[in-house]
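Please build the complex by placing chain Y on the supplied structure of chain Z, with the hints as guidance.
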Amino acid sequence: MAESILFLAHVDESGKTLPKAAYEAFSAAVDLAHRLGATLTVGIVGEGVREAANTFSGAGVRILGVAGPDFAHPRYRSDAAALEAICREAAASIVIAPATSRFLRVMAGVAERLKGQIDTHITSFDIVDGMLSAKRWFYRQRLEAVIQRAGRPWFLVMDCGCQDAWSGAQGTAKIEMIEVALPENCRRTVYAGVRTPNIDAQTIRPDAKLLFVAGAGWCKKQPDGQTHLREAESIILQFLEESGASLGGSKSLVDQSGENQAVLGFMTHLNQVGQTGSTPRHPKGLSMCCHGEEPHVVGWRFISERRAVNLDPNCGWARGKADVLYVADAFQVIAKLNSLLAAKAVRTEEWCEASHELNPAGCQQ
Amino acid sequence: MSNGYHIVVCAGIVPDPLQTLEPVMSGSTPALKNEMLLPAVLDPWAAHALYEAANLAAHAEGSKVWLVSAAPKSKLQQVMMNVAQKAAFELVPIDAPANGFADAHSVAEILAQAIHSISGLDRSRLLLFGGWESASRGAGVTMQLIGEQLEITDQFQGVDRFTVLPDGSLEIHERIEGGRHLVSICSGPPTVLGWATGNLPEPRNNPQVGMANMRTIMPALQKTKSTSLTQNVRYLSVMPPRQQRQTRIVKDRSAEEIAAELLEWISQE
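Here the protein sequences come in this chain order: Z and Y. First residue of the first sequence: 1, per our numbering; consecutive thereafter. First residue of the second sequence: 1001, per our numbering; consecutive thereafter.
In case anyone wonders, no lab produced these hints; they're calculated from the structure. One or more of the hints may lead you astray.
[What the hints assert, rightly or not] DEER-style ranges, computed between Cβ atoms:
#1 Y:TRP1265 to Z:GLU353: 23 to 29 Å
#2 Y:GLU1022 to Z:ILE127: 26 to 32 Å
#3 Y:ARG1245 to Z:ALA165: 27 to 33 Å
#4 Z:ALA2 to Y:SER1074: 43 to 49 Å
#5 Z:SER167 to Y:ARG1245: 32 to 38 Å
#6 Y:SER1187 to Z:SER124: 38 to 44 Å
#7 Z:ARG35 to Y:LEU1038: 36 to 42 Å
#8 Y:SER1026 to Z:GLY60: 45 to 51 Å
[Said to hold, decoys possible] DSSO-like mimics (lysine-lysine), calculated; alpha carbons at most 30 Å apart, straight line:
#9 Y:LYS1086 to Z:LYS220
#10 Y:LYS1251 to Z:LYS221
#11 Z:LYS284 to Z:LYS209
#12 Y:LYS1073 to Y:LYS1223
#13 Y:LYS1086 to Y:LYS1064
#14 Y:LYS1033 to Z:LYS135
#15 Y:LYS1251 to Z:LYS336
#16 Z:LYS135 to Z:LYS284
#17 Y:LYS1251 to Z:LYS344
#18 Y:LYS1225 to Z:LYS115
#19 Y:LYS1251 to Z:LYS209
Computed from a prediction, not measured in an experiment: that's the story for all the values here. We put the CB at the ideal spot given by N, CA and C, even for glycine.
Looking at chain Z on its own, in the form it has when it is part of the complex (with noise of 0.2 Å):
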């Protein structure tokens, strides 16, 4: 059967552009297209699609629009009437977007309204006797299965950080604009902002190379017989300053603050990382006062290197989950480990400094 692919892209905040997971998916299906022999078209949603799509213009594709400013922010309805008349004008059989949270929570939706068939969080495409399949996990991480379906329109939202990302020469794109007439019940949901959670600093960082993971050890009682919640929040909020690290979190300290104990500040749900939390995507983890159990570690599936600080030296990281345990105190060691990072932020800032004096283009930090 000859396939034909829409790929489906939303302007990103800034109005401007794209997010970076629709470069990476995009990439996926520019590579799927040419292995298939498949059309692509692509379709862009957002209250200006201009500048956006003509990011794509190098690639040669048909490009399909809806704008406006009922299209600025995500909402259920006014997404899902777009998307799904960009389907009906591109009639494809695979349809492929990124796995941003405004296409996540729209996309079955529109997969229900065309008759289609849905897959989320695939990590890769295959063709697998002449078919295309997918690669995906269940059970949060657990089990990895390739999967067909026969049904179409397959509507498949991939994973970011799973390709590189796409990038061509940009121009003037011809976009098709399709005319999309919301009725008013489609405003019985209106955006009212983006909120950051209430802490004392931003520690949900998605693109920071290092992911650095709390553990309950941070609230329990330290050799003086005491808990040290105070210094324990210093220190680890410091580190994440010095280091640019996200922060992520073991649901038994995440927990902590759901039962009224007394746990860090800044520690929230969304800091989860395992079974029942996030899967975040970052180059290196960093474990400390963390057990390094299965349902934690299950978070862990996307960090390529890993590293762990703790007192037991039979825990979880000892057996295979981590490339280097450390046993040791993470007290000593975050506070050690802040003080060098301190110092190799005045080194290169001296370094800057006198390399502005010496050539004042020289130094761009």
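Okay, now just chain Y, sitting in the frame of chain Z:
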């Protein structure tokens, strides 16, 4: 709202997270080895949805909570022994082999049919709750599909907060990238809310609530008929990850030495 809400919570059951999972092929569809023997729990995010539903019902007079669950009957009965003590609800059981490998479209269809069949359900007051993603399939699509089939098109996923405003409209916080929340105001029911963790702790077991619930749960379980699911997915392979790291265990090193090694590692590109 004077008449309260009709809250339907969709929740599956999953193996206890501490269990080792091993896939086996059962005909053309995969399953878990000894699946019927594995201890099971209510799906975690769906359980949060149930706690939020019970809390909302307790604060909105005239509200009622239904729990719709598709699972093998015997496993569902086992899980209900515990869940029934957490919150007051009426169970709508569906005896079906709905594990992580079942097709979400088929599961959504039988759940939507079960919701359709609930006697006395006022669709104008309906809040359809469920977990945003399950701990089995983890696709985050079932609630959307049910919503579409029930023609509910104000939908929210990854919900952490739900507040009824003085004018009866609903303020909803959904998780988005970077640990932030998208805030939306919806004029009122019917809506679909796929919950993340929410803000409520797990309620303590209340044996009185449990006994009251079990009076209706057991007859409902006895009456439920076995349902099969259409499988639209062809599984070419299912396997656990093979990666096992050779952990280097570093003992008897000072904090300074460890910190220096970590700094070098962090700084490497």
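Evaluation of the provided hints:
1. For TRP1265 of chain Y and GLU353 of chain Z, the Cβ-Cβ distance of about 27 Å falls inside the hinted range of 23 to 29 Å, so the restraint holds.
2. In this structure, GLU1022 of chain Y and ILE127 of chain Z meet the distance hint of 26 to 32 Å, their C-beta atoms being roughly 29 Å apart.
3. A C-beta distance of roughly 28 Å is found between ARG1245 of chain Y and ALA165 of chain Z, which places it inside the suggested range of 27 to 33 Å.
4. The supplied range of 43 to 49 Å is met by ALA2 of chain Z and SER1074 of chain Y, whose beta-carbon atoms lie about 47 Å from each other.
5. Under the hint 32 to 38 Å, the C-beta atoms of SER167 of chain Z and ARG1245 of chain Y, about 33 Å apart, fit the expected range.
6. Distance hint for SER1187 of chain Y and SER124 of chain Z: a CB-CB separation of about 42 Å, consistent with the stated range 38 to 44 Å.
7. For ARG35 of chain Z paired with LEU1038 of chain Y, a C-beta distance near 39 Å keeps the hint of 36 to 42 Å intact.
8. The hinted range of 45 to 51 Å is satisfied by SER1026 of chain Y and GLY60 of chain Z, whose Cβ atoms lie roughly 46 Å apart.
9. Our distance criterion of 30 Å between C-alpha atoms is met by LYS1086 of chain Y and LYS220 of chain Z, whose separation comes to about 29 Å.
10. Taken as a hint, the LYS1251 of chain Y and LYS221 of chain Z pair is honoured in the structure, with Cα atoms around 22 Å apart against an allowance of 30 Å.
11. Distance check on the hinted pair: LYS284 of chain Z and LYS209 of chain Z sit about 6 Å apart at the alpha-carbon level, within 30 Å; holds.
12. Restraint check for LYS1073 of chain Y and LYS1223 of chain Y: the C-alpha separation of about 10 Å stays at or below 30 Å, so the hint holds.
13. Among the hinted pairs, LYS1086 of chain Y with LYS1064 of chain Y is consistent with the structure: their alpha-carbon atoms are about 15 Å apart, no more than 30 Å.
14. About 21 Å separates the Cα atoms of LYS1033 of chain Y and LYS135 of chain Z, which keeps this hinted pair within 30 Å; it holds.
15. Taken as a hint, the LYS1251 of chain Y and LYS336 of chain Z pair is honoured in the structure, with Cα atoms around 17 Å apart against an allowance of 30 Å.
16. Under the criterion of a C-alpha separation no larger than 30 Å, the hint pairing LYS135 of chain Z with LYS284 of chain Z is consistent with the structure, at around 23 Å.
17. Of the supplied pair hints, the one linking LYS1251 of chain Y and LYS344 of chain Z holds, its CA atoms being roughly 26 Å apart against a limit of 30 Å.
18. For the given pair, LYS1225 of chain Y sits about 28 Å from LYS115 of chain Z by alpha-carbon distance, which is consistent with the 30 Å threshold.
19. Straight-line distance between C-alpha atoms of LYS1251 of chain Y and LYS209 of chain Z comes to about 26 Å, which keeps the hinted pair within the 30 Å bound.
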